[in-house]
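*Asks:* Here is what each chain is made of, one letter per residue.
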Amino acid sequence: MADLLKNMMNPRSMIFWLAAVALAVVPLIPAVPVYWVTLLDNIGLAALVVIGLVLLTGVGGMTSFGQATFCGFGAYATALLTTQYGVSPWLTLFVALAVTLAVALALGFITVRLSGHYLPLGTIAWGIAIYYLFGKLEILGRNDGITGIPPLSVAGYQLSDSRSVFYVIWAFVLAACVATSNLLDSRMGRAIRALRGGTRAAEAFGVDTARVKLIVFVYAALLASVSGWLYAHVQRAVTPTPFGINASIEYLFMAVAGGTGHVVAAIFGSTLVILLKEALQRILPVLLGHTANWEPVVFGAVLVLILQKWPGGLWMFVERLLPQSLAPKITADAAPLPVRSLPARGSNLLSLERVRKAFQGLVAVNDVDLSVRSGDIVALIGPNGAGKSTTFNLASGLLPLTAGTVSFDGVRIDGEAPRRIAARGMARTFQHVKVLPDMSVLDNVALGAHLRGKAGVLSATFRLDRAEEARIMADAARQIERVGLKDQMLLQAGSLALGQLRILEIARALCLDPQLLLLDEPAAGLRHFEKQQLARLLSQLRDEGMSILLVEHDMGFVMGLTDHIVVLDFGMRIAAGSPEEIRANPAVIEAYLGASA
Amino acid sequence: MDATILLFLIQDGITNGAIYALLGIALVLVFTVTRVIFVPQGEFVAYGALTLAMLDTGKVPGTVGLLLVFGVCAFLSQLWNGWRDIDLARLGRDAAFNLLLPAAIAAMTFWLAPMKLPPWASVALTLVIIAPMGPYLYAIAFRPIAEASVLTLFIVSIGVHLAMTGLGLVFFGAEGFRARPLTDVTVPAGPLVFTGQTLSVYAVTLVSMLALSFFFHKPLFGKALRATAVNRLGARLVGISASLSGSIAFGLAAILGALSGALIAPIATVFYDSGFIIGLKGFIAAIIGSLASYPLTALAAIGVGLVESFASFHASYLKEVIVFTLIIPVLIWLSFAHGHTDEED
Chain H
1 MADLLKNMMN
11 PRSMIFWLAA
21 VALAVVPLIP
31 AVPVYWVTLL
41 DNIGLAALVV
51 IGLVLLTGVG
61 GMTSFGQATF
71 CGFGAYATAL
81 LTTQYGVSPW
91 LTLFVALAVT
101 LAVALALGFI
111 TVRLSGHYLP
121 LGTIAWGIAI
131 YYLFGKLEIL
141 GRNDGITGIP
151 PLSVAGYQLS
161 DSRSVFYVIW
171 AFVLAACVAT
181 SNLLDSRMGR
191 AIRALRGGTR
201 AAEAFGVDTA
211 RVKLIVFVYA
221 ALLASVSGWL
231 YAHVQRAVTP
241 TPFGINASIE
251 YLFMAVAGGT
261 GHVVAAIFGS
271 TLVILLKEAL
281 QRILPVLLGH
291 TANWEPVVFG
301 AVLVLILQKW
311 PGGLWMFVER
321 LLPQSLAPKI
331 TADAAPLPVR
341 SLPARGSNLL
351 SLERVRKAFQ
361 GLVAVNDVDL
371 SVRSGDIVAL
381 IGPNGAGKST
391 TFNLASGLLP
401 LTAGTVSFDG
411 VRIDGEAPRR
421 IAARGMARTF
431 QHVKVLPDMS
441 VLDNVALGAH
451 LRGKAGVLSA
461 TFRLDRAEEA
471 RIMADAARQI
481 ERVGLKDQML
491 LQAGSLALGQ
501 LRILEIARAL
511 CLDPQLLLLD
521 EPAAGLRHFE
531 KQQLARLLSQ
541 LRDEGMSILL
551 VEHDMGFVMG
561 LTDHIVVLDF
571 GMRIAAGSPE
581 EIRANPAVIE
591 AYLGASA
Chain P
598 MDATILLFLI
608 QDGITNGAIY
618 ALLGIALVLV
628 FTVTRVIFVP
638 QGEFVAYGAL
648 TLAMLDTGKV
658 PGTVGLLLVF
668 GVCAFLSQLW
678 NGWRDIDLAR
688 LGRDAAFNLL
698 LPAAIAAMTF
708 WLAPMKLPPW
718 ASVALTLVII
728 APMGPYLYAI
738 AFRPIAEASV
748 LTLFIVSIGV
758 HLAMTGLGLV
768 FFGAEGFRAR
778 PLTDVTVPAG
788 PLVFTGQTLS
798 VYAVTLVSML
808 ALSFFFHKPL
818 FGKALRATAV
828 NRLGARLVGI
838 SASLSGSIAF
848 GLAAILGALS
858 GALIAPIATV
868 FYDSGFIIGL
878 KGFIAAIIGS
888 LASYPLTALA
898 AIGVGLVESF
908 ASFHASYLKE
918 VIVFTLIIPV
928 LIWLSFAHGH
938 TDEED
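Protein sequences, first through last, are from chains H and P.
So the first sequence is numbered by the numbering used here: it starts at 1 and just counts up by one.
So the second sequence is numbered by the numbering used here: it starts at 598 and just counts up by one.
Check each hint, because a few of them may be wrong.
As the list claims (entries may be wrong) - Listed next, the stretches of chain P that the computed footprint assigns to chain H, with coverage defined by at least 3 CB atoms under 8 Å from CB atoms of chain H:
1) 758 to 770
2) 786 to 796
3) 927 to 934
No lab work stands behind these hints, which were simulated from the structure alone.
These numbers were taken from a predicted model, which means no experiment stands behind them.
For every residue, glycine included, the Cβ atom is placed at its ideal position computed from N, Cα and C.
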C-alpha cells in the first residue's frame, strides 16, 4: 500500500490520476450537455481498442486491420445470448472473451511465425470475410442485426443513459490503462518491447518471440472484444457496419495519431480522431457543400501526413509539457537471483567436433574442431572471410550445422534453438550491436535476465511480480556496475557510443548468469583506451571463474589476453595453441602476412 | 451440376482470374521494387472502369480533375521535400511532368470526349489519363518516406486507399456505371459462347504479361527495376535511382489497374468503391505467390477466380466469405513452408 501511495506521488502519475478525477466529475455537472457525455463515451469505447493497438503496433511492431472484427465478436456474442437466451450481460462478458480468445489464438498462431506484413494482410482478408458473415447469418439477424439488447445494470439500477454508462466505460478504460502499463513495466513487457529490435537478440536471451507476439495479439483482441461487448449494451442494438474494415482502419488511425509506445497516447489519439470527425461533419458541408462526403479524403490525407512528418505520433507534443517520470527505484538489498554453479576449472565446457557448414556449394566452415575449457579465454582468429563468425553462430545455434557435433557441458546441443542453448548457460554478444535504442541501459541489460524470472502476463498486470522484478532489476544494476557503466545506467541506450554499447551487450550477457560468454568481435570499432578497458574487464571476469570464447581481428588485443587461440583460414583450422605458439607458427604468419614474410 | 454448367463456371472463373492476375502482378511489382503493400491498387481499377464508362457517354470523366489535383500535389510535395537542392533544370522538369503533362492530357480529353470515340480509342485514352497518377501518388505519399519500415509504408498505403476512395465518391458520385463492350462479336464453341469481351480479357492479359516480361529483360529501365527489386542498396550503388524505379513501378501499377478496370467495366457494374474488394482478390493471389513470384501469382489468381466462380454457384450468399477465407489455408501453408521471422541483416 505504501508502495502504491509512493508511486502515486510520482508527479506524472499524479497528473494522470488528477485527470481521471476531473474526467469523472464531468457527467455530474448538469450544464454539460448529453451530447458531450456521449462523445466521451465513444472516446472511451474507442480508447479500449486503441490501447491494444498501441501495444501491438507501437510497442510490438506488428499491426492488425481486424480490431473492429474482434469488437464484433464481443458485441454479437452478448447480443445473441442476452436477447435469445436471457443470459445476464455480466456473464456474457466471459463468453465474449472466450470466443475472442479462441479466434485470436487460431489466427495469431498461423501468422506470428511469418514476417511482419502477413499479419495485417491476413487480418484484412479475414476481417472482410467475417464482416460479410455477420451480414449473412440468419441467427445474427443478417444486415438488420440484433435489436432489443438489455442495458447493463448494477445492483438493480439500469445504466440506460449516456451519463450512467459513462462510469462503466471509463472504469474499463482505466483498468486497461493500469493493466497495460503494468504489463509493459515487467519481464514480459521487456520481451514485448524487444520484438521491435528484431527477433535474433530476443531469442538469444531465451525469449520465445513467436509466443510473445501471440500473447500481444490476443491481448489486443481481448481489449477490442470488451469494447464491442460494452458497445452492444450502450447502443442496445448491433449491425455489421461498425465492425467492418473501415472501422478497423479508423482504430489504426487513432493509434497512429496518438503515438506509439504510450498507453495514454491511445486515449489522446482516440480523442483527437473522434473530435476531428465531429468537426469535419460540421465544417465540411459548410465549406464544400452538402453534395459530397470529403471526410475519408481528409482522414486519409491526415494519416499519410502524420506518418510522414510525425511518425512517433502527436502525443510527443503533450509529452514535452509533462514532468519527467521518476527514475526506477533499485532495491539493492533485494535477495539475489539464484546463481548457476560454475563447472570445475579446467573441465571441458564447450567442444565443437568436425563442425561443417556449407552454403549450397560454398563450404564456409570445413570440419573444424574447437574446445573451451572452463575458466579459459579462447580466441578464434583469422583473416576476413575465414569462417570465424559462422563457426560462432554454429556454436550458439543461430545457424544449423551441415555436419559435426557441438556439446556444451557434456551434452550435445547441435540442432537446438538459440533460446534453448541460452537456457543452458551460454550467452552471446553480436558483431553488429543489437540493443533497443529507445530503452534505458538498465532495461536493455535486464532483458538478459529473462530466463531467470518466471512472471507471466497475468502476474504482471496484477503487479504480483514485484518481488521477482526487484531481484531482476537489482541484478541488472549489479552487472552494469560490474562492467563499469554505472553512470550511464538510466540513459537511453541509443545515446551511448559504440564502445559503450559493446560493453552494454556484455552486461546483458552476464545478466543471463552464463557459464560461457560468446563475444563476437567485442573490440571492433573501439579506440585504444577502450580496448585496454575491455581487456581488463575480460580478465577480471576470467578471474571470477567465467569462461569466454571470442572472435577477434585484433592480434594485439588477443595475444595479451587469451589462454588458447584457434586460427581459421578459408574455413579450415590451420593452427591451435597458446599465444606464444601461434605467434611462432609459420602457417599463421603466412595466412596473415603472405608467404614472403 | 452437368458438364455445361461446369464448363461455364470454369470459363467465368478464368475470365475473372485473368483480371485478378493483372492486379496480383502489379502488387508483386510494386512490393518488390518499393516494399509498399499497395492496397490502393483497386482504386485504379474503379477509376479506369468509371473513366471508360464516362467516355462512352461522351462526357469528360471526373478523373481528369483528379489527375490535375494529383499533379499539383506531386509538384508541391517535390518542391517541399527537395527545396534545398533545387535548380532551374529540375524545377522545369518537375513542372513539365507534374503540371504541363496533366494539363495537356486534360485538354486532349476535353477535345476528344465529345467525339464519342470507338471503344479501343476510349480504352487508350483511359490509360493515358490514369497512368501518370501512379508516379504522382508515389511522389506524394511514398517517396518522402521510402526508407521507412514495411509496416509504416503499409499503413500509409491504407491512408492513400481511404483518400482515393473518398475522391472517387467526390468525382464520380455514388452511382454505378457499366461501359460498352469492346466488340459485339460472339464465338460459339460447343456448349459455350465466348463473347468478344471475354476473348479480349484473355488476349489483353496474355499480351500484358508478355510485354512485362519483355520490359523486364530488355530495356534498361526494366533491368534497373529488377535490380532495385533484388537489392535496393546495391542498385543505388551502381547508379540506379531508387526513386525513378519507384515511379516506374507505380506507373506500371496504375496502367495495369486501369486496364483491369477497362476490362471489367463492360462485364460488371462498377461503383466508386468497387475497386477495393477486386484489388484484395489480387492480393490473395499475390500472397500465395509470397509477394515475390510472378508466375505463381498469375496461377493463383486463376485459382481465386475459379473458387469464386464455383462459390457463387453453390452458395452465392457466402461468395465473399469463401473467397476471403482462402487466406487462412494459404497462411497456414506459408507458415509451415517457410516459417521464418527473420527480417534482419
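*Asks:* Quick check: the segment 927 to 934 of chain P, covered by chain H? Criterion 3+ residues, Cβ under 8 Å.
*Replies:* holds (count 4)
*Asks:* Please verify the coverage claim for the segment 758 to 770 of chain P: does it have three or more residues whose C-beta sits within 8 Å of some C-beta in chain H?
*Replies:* holds (count 9)
*Asks:* Closer than 8 Å Cβ to Cβ for three or more residues is the test here. Does the segment 786 to 796 of chain P pass it with chain H?
*Replies:* violated (count 0)
Of the hints listed earlier, the one the structure fails to meet is number 2.
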